[in-house]
Amino acid sequence: MEHVLYYLVFPGLIFTGVAGLLVTWVDRKVTARIHWRKGPPLLQPFWDIMKLMGKEITVPETAKATGFLLAPLFGFAAVTLASTILWMSLVFPEKGFSGDLIVVIYLLTIPAISMIYGGSASGNPLSAVGASREMKLILAYDLPLLITIFAVIWKSGMTLNLSEIVTYQQMNSPVLYSISGVLLFVAALMCIHGKLAFVPFDAPEAETEIVEGALLEYSGPALAIQKLTKAMMYFTLPVYMVILYWGGMNFGTVGSGIWSIAKVIIIIVLIILIKNTNPRVRIKQIMKFFWGPITIIAIIGLILSMNGL
Amino acid sequence: MAKVIPTGPFHPILEEPEFFKFHVDGETITKIDIRIGYSHRGIELLSEDKTWDQVPFLVERICGICSYSHPYGYCLAVERLANCEIPDRAKYIRAIVAELERLHSHLLWMGLAGHFIGYNTVFMWVWKWRELVLDALELTTGNRNHYANIKPGGVRRDIEDYMIPKLEKWIDELEPKCEMLIKVVMDDPVLHARLKGVGVLTKQEAIDYCALGPTARASGVAIDARADHPFDAYPLLDWKVISLPDGDVFAKAAVRLLENLESIKIIRQAIKKLKPGPIVNEIKEVPVGEAIGLYEAPRGETFHYIRSDGSNMPIRHKVRAPSYMNILTNELSCVGADLADGGLITAAHDPCYSCTERLSAVNDSIPENVLNSKEIARLSREKTKSIAEKFQLESNVTTDKK
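Those protein sequence lines, which keep their order, are chains A and B.
Per my numbering, residue 1 is the first one in the first sequence, and the count goes up by one each step.
Per my numbering, residue 1001 is the first one in the second sequence, and the count goes up by one each step.
The shape of chain A in the complex, shown without the other chains:
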């Protein structure tokens, strides 16, 4: 019963959903200010989701209905669970289990896989292109991301338990505050950006090329769930970065609580800035970028961290 509450209310579904939508509001507002626009009111993301929830679902004739409609749910459930596990390691450290880091890594890949599945099931050629690009994108960013995570594990006393990683970093110093840490952080930030599929890595959802790609055929509540999944990812991934690379969060005192939230906001602002100062690049260039410079940066970070730098 208790676990159901954790999953559905805090830190799971409701908390992550609301926080995720707030983050998308911040994103839209800051983007609008950069664009010299005014931006939406605070509740706009909630209204968007509510409006979609009330609409009809249309399943295209060419689609395999079951897979097409189930795919968003898988992604949604996975990101909720990932967020729950991440926050549990911060709020109730004793509830963590060894290996929850690995579980989170896999759970955070599922939304992308569900996009691939839903896009392929929709039977639309543009969605199929979007799905194939999403697949290439996962292949591109996964390698450097795993290398950085391995380096973090190395630096945090060889543990696969999230709460132990956080405690270790808080006892000693966060991964970020070292030469190797900065390199790992930069590489991971790029991978997170790719995971969120934002410009410049938004080839799978490129609106002006393939019309939102895998999302093209979705409508009504199914689209709302896809959007909500993306919003929750937008909140979960920065938290994930803070936990792994920036010493986690500490709500012991007011000052440390504010600093903990500020860390998440700083990462979100970095993402917004990257997003708004770059054009979209081609999928081939994305793969070259991740397998070239980013992987090299991650490997250098790994080697340095193995040598204690």
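Please keep in mind that the hints were generated in silico from the structure rather than gathered at the bench.
All C-beta atoms, glycine included, are put in the ideal place defined by N, C-alpha and C.
Now the in silico label distances, taken between C-beta atoms and shown as ranges:
1. Asp1033(B) / Gly123(A): 19 to 27 Å
2. Val1184(B) / Lys284(A): 22 to 30 Å
3. Gly123(A) / Thr1051(B): 54 to 62 Å
From the derived model, a few chain A residues whose C-beta atoms are all more than 12 Å from chain B:
4. Leu43
5. Lys95
6. Gly96
7. Phe150
8. Leu189
9. Gly220
10. Ile265
11. Trp291
Which chain A residues stay away from chain B? Per the calculated CB distances, all over 10 Å, these:
12. Tyr6
13. Trp25
14. Lys29
15. Gly99
16. Lys230
17. Val254
18. Ala262
19. Thr295
Position chain B relative to chain A; hints supplied.
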């Protein structure tokens, strides 16, 4: 595996109906089918029952962006036929408005190009700066678009003295922005990676396909109707034709950016040369005969042909918009490119589909279903009926009466 990716007739990359079928192998485009003809409006026929003075209002509605270019081309033709020399002041006013329009069109394209490659910051910033140009157009002509400022024999509205300081101020404000834009585009490594070497149209191909305007000039063909067929104020002003050799999307963007500065230069000189005087030399009568007007629109050379039987209307008015030639170059520049670049390449010559469409002939041997309007109406009625039956609604659609 070869697959067909449809772009259009409704697709977010362009606001007009057009249809490109990209035949792709993986993500590489192997062939492109170009279909236009979705928004034919019968302008030429309409033009034949308008008087000489009414036609400019009609032809400026051919295109919302080149709404000075089409009437300009038409007026040049009428003036040539009537052998009319327009007053000096009218020449410079025409040059000012025409170049403001070029600025607004090039900036509009720049913003859209930014949007196409997902660079919405450029989109919003450039369109903000474009407001300066639109303000200037509103000040000088009274309208942000569809200026209704040109007529055979001169212009309709004078540029008053009080407008000039404002106009100069806005132009001064715009120049550093255009220069900054050039720097941003020329120096950004990500933009280089995205635009360089994409959709290359070689010089020979541009000549073979009769490309026009910035599309041709970006491929090293320095053609410009303002220089090749000098008219009105242009031979009296100091400016140069911009041309770059590369032929890729980057060069097309660069040509337009550099032309912005030339336009600003022309406007500055024209403002200085404005001397008091009449602004129109009324044409009393258009003699029997035919004439051609060539004007360099922002997208390339606009061609207007008129024939007169001595009455108060043209008996034939033929229009060729520059996009008509440029759209076909997609056949060469798209092949071998990535699907991701397909939309960008087709948009790179700033196509204006609705302006282009004069007449479309449907070849019956096309091995696909081609429907005429009656068949489409019949199909849509049948569909409505079947839906009504399915949900047991009362159908108020009646079948065709025979």
